[in-house]
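Chemist: As you go down the protein sequences, you meet chains A and B in turn. If you read the first sequence in our numbering, its first letter stands for residue 1, the second for the next number, and so on. If you read the second sequence in our numbering, its first letter stands for residue 1001, the second for the next number, and so on.
It should be emphasised that the hints constitute simulated quantities derived from the structure, not laboratory data. Warning: the hint list may mix true and false statements.
Here are the simulated SDA-like pairs of lysine to any residue, each with C-alpha atoms no more than 25 Å apart in a straight line [as the list claims (entries may be wrong)]:
1. A:Lys-62 - B:Ala-1026
2. B:Lys-1053 - A:Lys-62
3. B:Lys-1077 - B:Gln-1135
4. A:Lys-53 - B:Met-1003
5. B:Lys-1102 - A:Lys-53
6. B:Lys-1062 - A:Met-1
7. A:Lys-97 - B:Ala-1006
8. A:Lys-24 - B:Glu-1013
9. A:Lys-97 - B:Lys-1024
10. B:Lys-1097 - A:Lys-97
11. B:Lys-1077 - B:Ala-1190
12. A:Lys-97 - A:Thr-146
13. B:Lys-1024 - A:Ala-71
14. B:Lys-1062 - B:Val-1129
15. A:Lys-24 - B:Tyr-1183
2 protein chains.
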Amino acid sequence: MFMESAPVERLLESLRRLPGVGRKTAERYALQLLTLPLEISDEFSQAVLAARKAIDWCPTCKNLTDIMPCAVCRDEKRDRTTICVVERPTAVLALEKGGGYKGLYHVLHGVLNPLEGIGPEALQIDALVDRVRNQGIKEIIIATNTTAEGEVTALYLARRMAEFDITTTRIAHGVPMGGGLEYADEVTLARALEGRLPL
Amino acid sequence: MFMESAPVERLLESLRRLPGVGRKTAERYALQLLTLPLEISDEFSQAVLAARKAIDWCPTCKNLTDIMPCAVCRDEKRDRTTICVVERPTAVLALEKGGGYKGLYHVLHGVLNPLEGIGPEALQIDALVDRVRNQGIKEIIIATNTTAEGEVTALYLARRMAEFDITTTRIAHGVPMGGGLEYADEVTLARALEGRLPL
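Make the full structure from the sequences, and use the hints.
Modeler: Given below as structure tokens:
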């Protein structure tokens, strides 16, 4: 049948790159894309490319942005002496939705994971160190997730920051253990920021 | 933030065309597509186009296919006097997986729905009537879903078939009421085919 043909297999493989999408869901999505009018699946394909080309990393904080530097980095009203370090752009979205944080961000784009061969050089850690060295930063709030890898990354960052005359804090464990920032409600996020402790 | 920029909004709108994908899921998918390496999101975009171009409707049964006519229509070993009429290509996939059915198919690409302005001319009903008139068909098994619209479509088809000297049957209600063929297990599908009754 057509579902086993090479072009559909190729489409299924691409669809499975979406988070939480397995074989069955990919098949449902593929069937929908195959039955939509040609101009709509065409638009789908173009929209992916256009968005990917319009959005890039901010040269400073490495968050995703459509303007360079990003809206947070260019906002003079924000506290430019504090950086909140997160794993992913989704965490910035969550914190901004909470609205309680007024400092800057730094997106690592991952966490340390020796088992998968992800070391400090694979993350945006050197860029963070550069910012701390050159931009008059007074406090780093480490808001990596409360997973094993997130905790290890937090400890590693605290050690790297020890050479500078700054305060390094860890977001409080108001965020449920084992979960990601994305899934926390706004009150929990605000509490976690308030209750931060020196590392 | 970048999630509200025009290119991302356009991407979110496209992603929401996938079945069961709302705003939240579309956002998760968009973030993944935006953070994947450029060549991989490029491949994603190309895979959608390539699959859409490689797969088209079979000129006879209107099922999706990568070869013309489709694998079922060209198979001389199948019973060429029986047509099973279904709403969507997914139903053909489900029935073929069951393996109990050896006749041909006809895909309507929808069901009658007067409230949404979907009349017989919007479906592949005339093509079915042509096949019955010209291809020596002896039996039509109507396997539209057991929803209100599916039942109405079945009754409409039965009336259209009355002018021909053929048997018109309805798939037995072994398929759970209100559900789609896609969600029935293989045994239920086989039972439903066996227990079909004249309409």
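Chemist: Next step is simple, just say for each hint if it's right about the structure.
Modeler: Results of checking the hints against the structure:
Simply put, Lys-62 (chain A) and Ala-1026 (chain B) have alpha-carbon atoms about 22 Å apart, close enough for the 25 Å limit, and the pair holds. The suggested pairing of Lys-1053 (chain B) with Lys-62 (chain A) is violated, with an alpha-carbon distance near 37 Å, which exceeds 25 Å. Of the pairs offered as hints, the one joining Lys-1077 (chain B) and Gln-1135 (chain B) holds, with about 16 Å between alpha carbons and a cut-off of 25 Å not exceeded. Under the criterion of a C-alpha separation no larger than 25 Å, the hint pairing Lys-53 (chain A) with Met-1003 (chain B) is consistent with the structure, at around 14 Å.
Proposed proximity of Lys-1102 (chain B) and Lys-53 (chain A) is contradicted: the alpha carbons are some 49 Å apart, above 25 Å. Simply put, Lys-1062 (chain B) and Met-1 (chain A) have alpha-carbon atoms about 13 Å apart, close enough for the 25 Å limit, and the pair holds. The suggested pairing of Lys-97 (chain A) with Ala-1006 (chain B) holds, with an alpha-carbon distance near 19 Å, which does not exceed 25 Å. Between the alpha carbons of Lys-24 (chain A) and Glu-1013 (chain B) the distance comes to roughly 22 Å, so the proposed pair stays at or under 25 Å and holds.
Taking the CA atoms of Lys-97 (chain A) and Lys-1024 (chain B), the gap is about 14 Å. The hint holds against a cut of 25 Å. As the CA atoms of Lys-1097 (chain B) and Lys-97 (chain A) are separated by approximately 46 Å, the hinted pair breaks the 25 Å bound. Between Lys-1077 (chain B) and Ala-1190 (chain B), the direct Cα distance comes to roughly 20 Å. Compliance with the 25 Å bound is thereby established for this hinted pair. Proximity of Lys-97 (chain A) to Thr-146 (chain A) is assessed by CA-CA distance (about 20 Å); at most 25 Å being required, the pair is judged to hold.
Proximity of Lys-1024 (chain B) to Ala-71 (chain A) is assessed by CA-CA distance (about 22 Å); at most 25 Å being required, the pair is judged to hold. Taking the CA atoms of Lys-1062 (chain B) and Val-1129 (chain B), the gap is about 13 Å. The hint holds against a cut of 25 Å. Between Lys-24 (chain A) and Tyr-1183 (chain B) the CA atoms are separated by roughly 12 Å; this keeps the pair inside 25 Å, and the hint holds.
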